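Chemist: So the chains spell out like this:
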Amino acid sequence: MLKLVIKDLRANTMYLLLLFVVIAGISAGFNIAIKAKVDIEVELYVLAVILSTMIASKVFTISDNESNADLFFAGLPVNRKQIVLGKYLSSAMLVLVTLGVHFLAITLSSNEALRAAHHFMYQPPLWIFSFIILTFSDAFSFPFFFRFGIAKGAIVYGFCLLVLMIVTVLTVNMLNPTDLLYQVYLTLINQHPIALIVELAVFGFLILGGSIIISIHVFKHKDL
Amino acid sequence: MTMTNTLEISNLSKSYKGFHLNNVSFNLPTGYIMGLIGPNGAGKTTIIKTIMNLVMKQEGSIKIFGMDHQEQEVDIKKRIGFVYDTPTFYAHLNLKQLKNVIAPFYEKWNGAAFNDLVDRFGLPLNKSIKKFSRGMSMKASIAIALSHDADFIIMDEPTSGLDPVVRREMLDFLRGIMQDENKSILFSSHVTSDIEQAADYITYVNNGQVVFSKTKDEVNEAYALIKGGNDLLDDDTKKNMIAVRSGEYGFEGLTADLKTSKKVFGDQAVYDKASLEDIMFFHNLQLKNAR
Chain A
0 MLKLVIKDLR ANTMYLLLLF VVIAGISAGF NIAIKAKVDI EVELYVLAVI LSTMIASKVF
60 TISDNESNAD LFFAGLPVNR KQIVLGKYLS SAMLVLVTLG VHFLAITLSS NEALRAAHHF
120 MYQPPLWIFS FIILTFSDAF SFPFFFRFGI AKGAIVYGFC LLVLMIVTVL TVNMLNPTDL
180 LYQVYLTLIN QHPIALIVEL AVFGFLILGG SIIISIHVFK HKDL
Chain B
0 MTMTNTLEIS NLSKSYKGFH LNNVSFNLPT GYIMGLIGPN GAGKTTIIKT IMNLVMKQEG
60 SIKIFGMDHQ EQEVDIKKRI GFVYDTPTFY AHLNLKQLKN VIAPFYEKWN GAAFNDLVDR
120 FGLPLNKSIK KFSRGMSMKA SIAIALSHDA DFIIMDEPTS GLDPVVRREM LDFLRGIMQD
180 ENKSILFSSH VTSDIEQAAD YITYVNNGQV VFSKTKDEVN EAYALIKGGN DLLDDDTKKN
240 MIAVRSGEYG FEGLTADLKT SKKVFGDQAV YDKASLEDIM FFHNLQLKNA R
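These protein sequence lines map, in sequence, to chains A and B.
No gaps in the numbering here: position 214 of the first sequence is 213 in numbering that gives the first Met the number 0, and each next residue is one more.
No gaps in the numbering here: position 145 of the second sequence is 144 in numbering that gives the first Met the number 0, and each next residue is one more.
Treat the hints with care, as some may be off.
To be verified - No farther apart than 25 Å at their CA atoms in a straight line, the calculated lysine-lysine pairs in the BS3-like style are these: (1) B:Lys215 / B:Lys272; (2) A:Lys219 / B:Lys77; (3) A:Lys221 / B:Lys77.
Unchecked claim - Pair by pair, the computed Cβ-Cβ distance ranges are: (4) B:Gln71 / A:Phe204: 54 to 62 Å; (5) A:Leu103 / B:Thr3: 54 to 62 Å; (6) A:Asn110 / B:Asp115: 20 to 28 Å; (7) A:Met92 / B:Phe211: 36 to 44 Å; (8) B:Gly160 / A:Ile154: 29 to 37 Å; (9) B:Asp115 / A:Phe158: 48 to 56 Å; (10) A:Met53 / B:Ser14: 37 to 45 Å; (11) B:Phe211 / A:Lys219: 55 to 63 Å.
What the hints assert, rightly or not - Selected chain A positions facing chain B (in silico; Cβ < 8 Å): (12) Asn67; (13) Leu75; (14) Asn78; (15) Gly152; (16) Ile154; (17) Val217; (18) His220; (19) Asp222.
Hints are computed from structural coordinates only; laboratory data are not their basis.
Here the structure is a predicted model, which means the values were calculated and not measured.
The C-beta atom is built at its ideal place from N, Cα and C for all residues, glycine as well.
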């Protein structure tokens, strides 16, 4: 399986370098924007981090799709389960490295005043939290890509995310402060950050496990 | 000496929308080259992809080196060199980089053999693969497939789209590999002259079915072309032939039973050796007539 990860790295070195330059640029650029001290920029930055990490996590998938690599590697001495696990591992590694590059870039290019103004941005728990959320989102997406391929998979996945978002927004809007669900939400939000991270991690791993099982099942029965 | 089979396929079936691979069975003995022929869309690529477990079979069994091709997939594939009909690579890489990606998958990767093949084929190591011609890409595929001391080489249309010189080189090269009697080769082609030149066994597939799977000598002995005047043709004499085409100057038909045909037509007809192209043509005609 490690061989599959190494082949991803070797085969995509150029794309990775380009991507990380862009990522570092986004993070370093943030410190210029933050001087204006407008909170919306923090939000935009978070959005940029999330989007760039989501895109980065799919670099290997996109490259493999362009090169018809699934077909090629299925002809080598690896089984399909290993191919699926390799993709999850490579993708999680990309999320980790991308967030790491963001964190390093924003930290190294900041000064004390910036760190004081946006204290939480420079704290590791926020980045760990982001890693868990993004790995969870990534896990959610994989079965779609294995089932439908990259183009159709992205559309179906995007549609499902949209539906999920609409349902969540509607539910939140309809909740009253006296509702049990709202109380549960408040309790979760107001926990100690570490507790929240642990809970999310457990939940994320459950989703990841389910996603891996579905992806293996789909890919094992797929004609390439 | 007991003959072992490198490949054993029995009752293999697979259905797609509008295409059925139906009850395919054949064996490839160790130490021989088998040519898989058939017109475009006959099912050659599906058979090869099913052997490689790239396409999932619906029924039947496939054994390679005596092992089930799905249960012991990884062990089997370590000993297979596979060449796709359309070379699939990371085209932005050069051959050296591609070799570095692929070599770790094989315990028996032989760097010296790879370099030797690259030299022999005149392939540039530092040129991006997307700039390779079709012939160069196919040679690169073959160099990669043959650099881990594979016992079984499977090639899907390896000569398709190649110029005659490169094609000839490729076929000579295949014959050269067979100096090692433990190796076997299965290759598909719709170019009958390739099969006639290189194969020991011929498996002819049409419309998803195996028409025959025999040694080249058996095929040469069994089939013959019969030519004669139209006056020789009637319902009974036609039964002796797989298919017949007739024109103003007479008929031409294919028989798979020369002995009986000679009894039927005697000296009034002319008997010629049938080429693989003739065999394919008349079998196809038979299929069309049956529709």
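Chemist: None of the hints should be skipped; say for each whether it holds.
Modeler: Now for the hints, and whether the structure bears them out:
For the proposed pair Lys215 (chain B) and Lys272 (chain B), the alpha carbon gap of about 13 Å is at most 25 Å, so the pair holds. A distance of roughly 19 Å separates the Cα atoms of Lys219 (chain A) and Lys77 (chain B); the hinted pair therefore holds under the 25 Å criterion. For a cut-off of 25 Å, the pair hint linking Lys221 (chain A) to Lys77 (chain B) stands: about 22 Å separates their Cα positions. For the hinted restraint 54 to 62 Å between Gln71 (chain B) and Phe204 (chain A), the CB-CB distance of approximately 32 Å leaves it violated.
Restraint check, Leu103 (chain A) to Thr3 (chain B): a C-beta distance of roughly 59 Å satisfies the suggested window 54 to 62 Å. Checked against the hint of 20 to 28 Å, the C-beta distance between Asn110 (chain A) and Asp115 (chain B) comes to roughly 59 Å, which is inconsistent with it. Distance hint check: the CB atoms of Met92 (chain A) and Phe211 (chain B) are about 52 Å apart, inconsistent with the given range 36 to 44 Å. At roughly 34 Å, the beta-carbon separation of Gly160 (chain B) and Ile154 (chain A) lies within the given 29 to 37 Å, and the hint holds.
Checking the proposed 48 to 56 Å range against Asp115 (chain B) and Phe158 (chain A) shows it holds: the Cβ atoms sit about 52 Å from each other. Remark: the range hint 37 to 45 Å for Met53 (chain A) to Ser14 (chain B) is upheld by a beta-carbon distance near 38 Å. Against the hinted window of 55 to 63 Å, the Cβ-Cβ separation of Phe211 (chain B) and Lys219 (chain A) comes to about 34 Å, which falls outside the hint. Satisfaction of the interface hint for Asn67 (chain A) is found here, the shortest Cβ-Cβ separation to chain B being roughly 4 Å, below the 8 Å cut-off.
Because the closest C-beta pair between Leu75 (chain A) and chain B is about 5 Å apart, less than 8 Å, the hint holds. Taken as an interface hint, Asn78 (chain A) checks out: its beta carbon lies about 5 Å from the nearest beta carbon of chain B, inside 8 Å. Interface hint status for Gly152 (chain A): violated, as the beta-carbon distance to the closest one in chain B is roughly 19 Å, over 8 Å. Of the supplied interface hints, the one on Ile154 (chain A) is violated, with its beta-carbon coming no nearer than about 22 Å to a beta-carbon of chain B, more than 8 Å.
Taken as an interface hint, Val217 (chain A) does not check out: its beta carbon lies about 12 Å from the nearest beta carbon of chain B, beyond 8 Å. Annotation: interface hint on His220 (chain A) holds; nearest CB of chain B at approximately 6 Å, less than 8 Å. Hint status for Asp222 (chain A): holds, given a least beta-carbon distance of 5 Å to chain B, under 8 Å.
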